[in-house]
Amino acid sequence: EAEVAQSPRYKITEKSQAVAFWCDPISGHATLYWYRQILGQGPELLVQFQDESVVDDSQLPKDRFSAERLKGVDSTLKIQPAELGDSAMYLCASRKQPGLATYEQYFGPGTRLTVT
Amino acid sequence: GNSVTQMEGPVTLSEEAFLTINCTYTATGYPSLFWYVQYPGEGLQLLLKATKADDKGSNKGFEATYRKETTSFHLEKGSVQVSDSAVYFCALSGNTGTASKLTFGTGTRLQVML
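Chains as they are written, first to last, in the working numbering: chain P, 1 to 116; chain L, 117 to 230.
Just to be clear, a hint being listed does not mean it is correct.
Restricting the straight-line Cα-Cα distance to at most 25 Å, the calculated cross-link-like pairs of lysine-lysine (DSS-like) are [claimed, not checked]:
{"#": "1", "chain 1": "L", "residue 1": "Lys193", "chain 2": "L", "residue 2": "Lys165"}
{"#": "2", "chain 1": "L", "residue 1": "Lys172", "chain 2": "L", "residue 2": "Lys184"}
{"#": "3", "chain 1": "P", "residue 1": "Lys96", "chain 2": "P", "residue 2": "Lys15"}
{"#": "4", "chain 1": "P", "residue 1": "Lys96", "chain 2": "L", "residue 2": "Lys172"}
{"#": "5", "chain 1": "P", "residue 1": "Lys62", "chain 2": "P", "residue 2": "Lys78"}
{"#": "6", "chain 1": "L", "residue 1": "Lys165", "chain 2": "P", "residue 2": "Lys96"}
{"#": "7", "chain 1": "P", "residue 1": "Lys96", "chain 2": "L", "residue 2": "Lys193"}
{"#": "8", "chain 1": "L", "residue 1": "Lys193", "chain 2": "L", "residue 2": "Lys168"}
{"#": "9", "chain 1": "L", "residue 1": "Lys184", "chain 2": "L", "residue 2": "Lys168"}
Honestly, the hints are just simulated from the structure, not real lab data.
Since the structure is predicted, the reported quantities are computational estimates derived from the model, not experimental observations.
So here's chain L without its partners, still in its complex pose:
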């Protein structure tokens, strides 16, 4: 079955530091890949997505590239802010029917300090 593995947290960084959160996946076929962010007490918000190999998703300074050869989708940001403190989830899904459900990693908590 499908699975997502992401680095354990918490990740603690100083403001303006470079961020990488690793994510690798196992899936059949050609899944779509996502990063979701969850702020305390809230639901999930889509941060970015990529639907085919070599696609780069980007949003709010965050980027991730769909690497089929390494089955990875690492999240990066060049300069983090305190407001980026949240839990980040890597996820995958198929495209149709029951395969469209999302399979999530366990989440990585990011803490950004002044």
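Chain P extracted, bound-state conformation:
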């Protein structure tokens, strides 16, 4: 069964350093999401891609976060500089296409970031 791949699974970084996360969605999935899950809370959307275009980044802290999906396949989320409050699980999800018959988002295992 196809899965969403994410790496690394765990990352520890110092405050003010740069960090990057990678996501490879299920093949053929046009829509890709990055969510942030703070411990004890539900995930919240950071950015949504349709193919290579950003369609929603309203909750992305653009002064320090950036995301790209250059060829409409895999994606990278970057934080520079990292702050203590960025410690969280970063989840990637993909969805086949935004049509009525394909509601389901499939999640990767996540990257747990700890900022010290």
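On the provided structure of chain P, position chain L as indicated by the hints.
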């Protein structure tokens, strides 16, 4: 905007007990509703879904019915097992474009004891 409210945990039950986790929502239009489960250190797995009013989603003995009149989607299981111990998230989404993002509740931790 959209929002999901679910009962706070932890919920602690004995094995074979009946489970209910309450979930209510606020949304415009006709959202799809979901329950996701998260085991320790892992990502989210879809447990069940319902896409229109009165639909019942079911999987692995869990059930939830989309109740538009009460804006609810309560999760139930007749007999829980120790292996059901996890965090359960209720979520909703629209169907197209930017509305397809998931809006989650805060999660309910379930602990099942022998």
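Do the hints match the structure? See the list:
1. L:Lys193 to L:Lys165: 15 Å, holds
2. L:Lys172 to L:Lys184: 12 Å, holds
3. P:Lys96 to P:Lys15: Judged against 25 Å, a Cα distance of about 36 Å means the pair is violated.
4. P:Lys96 to L:Lys172: 23 Å, holds
5. P:Lys62 to P:Lys78: 10 Å, holds
6. L:Lys165 to P:Lys96: This hinted pair holds, its Cα atoms lying about 16 Å apart.
7. P:Lys96 to L:Lys193: Given pair Lys96 (chain P), Lys193 (chain L) is violated - Cα atoms ~30 Å apart, limit 25 Å.
8. L:Lys193 to L:Lys168: 21 Å, holds
9. L:Lys184 to L:Lys168: With Cα atoms ~9 Å apart, Lys184 (chain L) and Lys168 (chain L) stay inside 25 Å; holds.
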